[in-house]
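So the sequences go chain by chain: A and B. Residue numbers 5 to 265, in this note's numbering, belong to the letters of the first sequence in order. Residue numbers 9 to 176, in this note's numbering, belong to the letters of the second sequence in order.
Where hints are given, some of them may not hold.
Stated by the list, open to error - Here are the in silico distance ranges between beta carbons for each label pair:
#	chain 1	residue 1	chain 2	residue 2	range
1	B	E115	A	P41	45 to 51 Å
2	B	E165	A	D26	28 to 34 Å
3	B	R55	A	A84	18 to 24 Å
4	B	G147	A	A81	40 to 46 Å
5	A	E249	B	R55	50 to 56 Å
6	A	P41	B	G147	25 to 31 Å
7	A	V139	B	S50	21 to 27 Å
8	B	E17	A	L43	40 to 46 Å
9	B	E115	A	L43	23 to 29 Å
10	A	A66	B	S50	38 to 44 Å
11	B	S151	A	D26	34 to 40 Å
12	B	Y77	A	A84	28 to 34 Å
To be verified - According to the in silico footprint, chain A covers these stretches of chain B (three or more CB under 8 Å from chain A):
#	stretch
13	19 to 25
14	115 to 125
Read the hints as simulated data drawn from the structure, not as lab findings. Bear in mind the structure is a predicted one, so any value in this text is a computation, not a measurement. Ideal Cβ positions, reconstructed from N, Cα and C, are used throughout, including at glycine.
Read off the chains here:
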Amino acid sequence: MTGEDVPIGEDELQAFVDERLDGPRRDAVEAHLARHPELRERIAAERRQRASLRAQLQGKAAEPIPARLRIATLQAARRARLARRMSLIAAAVAIFVVGGSAGWFANGLRPALVAQAPTTAVAQGAAAAYRTFVVEVAHPVEVGVAQETHLLQWLSKRLGHKLVAPDLAPFGYRLMGGRLLPGGSGAAAQLMYEDTAGKRLTLYVRAADGTETAFRFQQDGDAATFAWIDQGFGFAVTAMASREELLPIAEAVYKGLTPKG
Amino acid sequence: MADLGVVLEPLIPALRRYAYALLHDHAAADDLVQDTLERALSRWSSRRADGELRAWLFAILRNRHIDAYRQARRRGTEVEIDEVDHRETATRQEAAIEARDVLAALEQLPEEQKSLLLLIGVEDFSYEETARVLGVPIGTVMSRLSRARQRLRSIVEHGPAALLRRVK
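The following block holds chain A by itself, in its conformation from the complex (with noise of 0.2 Å):
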C-alpha cells in the first residue's frame, strides 16, 4: 500500500506542514514526498519556516499582560465613560422635565405654553408698562388702593369690562393700586402689587381680539411676563420672578379674573 504512488493534493500537503495529518494519510505524504525530492525541498522548507515564525513569535505571547490591557482597568474606564455619559444625559432630561412639568401645570388651567401672535402684542404692551411704572417711587399707581373700589369701577367704566383685582395675598404680594395706560387701539389699566421686600408685579389688562388663547410666557431681562387672551380682553402678569414662580400666581390671577360659573 505504502508503495504506491497516492495523489496527494495540496490541501494536504498544507496540512502536513501545519502537522494536522494523522497516521495513515501522513504516511502517505511522506511516502510521496520521499519520491519527489524537488516537493519534498519545498515541503521542509516551508515546515522550517513556519516552526521558525513560531519560534520567533513565542516570546511576545509569553510576556506578562501590561496593565493597561488588563480588562479590569478597561472596564473601570469604560464605566468612568458611560457614567460622564450618563450624567449628560440626566442633565439633559432634568432640564426637559422642568420644561415638560411647567407644561403640564399650565395645562391644568386649560390654556397651554405655546406661542400666539395676540398675546405677544399683549405681554409686549405689559412688559413696557412695568417697566416704565415698577421703578416708579413717588407716583407708582395713579389711584392708590385706599380707593379701591373707585379705582376699579372706574378702570372697568374706561376699559368696558368689569374688572377685578385678585387677592395675591398668598403669594406674598398686596395691592398698591393702579393706573390707566394707552393700550393697543384703547385703553389699557394696569395693577400693580407689592411684596414685603418691595418686590412689584403687575396684571395688565387690554382689549384684544381672540377669545380664549394659550399661556404665552416671555423674558424681558429680568422681567417674566404669562400673558393670555379671554373673551376679548388681553391679560398679563408680570414680575421680576422666574418662570416656575410666576406661573402659579398667573394661574391664580386667571381664575380671580375669570370666575367660572
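Guided by the hints, dock chain B onto chain A, whose structure is given.
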C-alpha cells in the same frame, strides 16, 4: 460583567502576538489590542452566543487593523516611495545575511497572507476558524495558504526584489 476578565484575559497574549506580527511595533500593537478589547466590551451583549470567542476577537482586531491602515492611507501618512526603496534594499541585504529571519520576510507580505500564516501557522487556528476571521470561504483559505507560503519562501530565499522580478 465581573467574570469577563476570566473569559477574555487568557486570549490577550495571543492577540498581542498577532498584533505585533502584523505591525512590527510593540506600542502600536498594544494600542491595537486595547482598541480591540474596548470594542469587544462594548459589543459583548450583541455577540453571537454560539460564536467562537477567539475567532470573534481576532476578527475584531484584524478589522480594526485594516481600518486604521486605510485611514492612514487616506490621510497620506503612508511612507514615501523613497523610503520604501530604502527599506526593501535593507531587507534584501538582511535577508541575504540572515535567510532565516522569517519575521522580517513576513513584513513584505500583504496583510491577508500575513494573517493566513499567523493564524494557521502560529495561533493554530483551524481552517474553519481562519475562514471566519478573514471572512472568506474555507476553500479559499486552503488555496491562499499555499500561495502565501510560496511567497514567504521566495522572500526568505531570494529577497523581495527577486520575487518581484520573478512575478514580472
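Okay, the hints, checked on the actual structure:
no.	hint	result
1	B:E115 <-> A:P41: 45 to 51 Å	violated (31 Å)
2	B:E165 <-> A:D26: 28 to 34 Å	holds (31 Å)
3	B:R55 <-> A:A84: 18 to 24 Å	holds (23 Å)
4	B:G147 <-> A:A81: 40 to 46 Å	holds (42 Å)
5	A:E249 <-> B:R55: 50 to 56 Å	holds (52 Å)
6	A:P41 <-> B:G147: 25 to 31 Å	holds (29 Å)
7	A:V139 <-> B:S50: 21 to 27 Å	violated (59 Å)
8	B:E17 <-> A:L43: 40 to 46 Å	holds (43 Å)
9	B:E115 <-> A:L43: 23 to 29 Å	holds (27 Å)
10	A:A66 <-> B:S50: 38 to 44 Å	violated (29 Å)
11	B:S151 <-> A:D26: 34 to 40 Å	violated (23 Å)
12	B:Y77 <-> A:A84: 28 to 34 Å	holds (30 Å)
13	19 to 25	holds (count 5)
14	115 to 125	violated (count 1)
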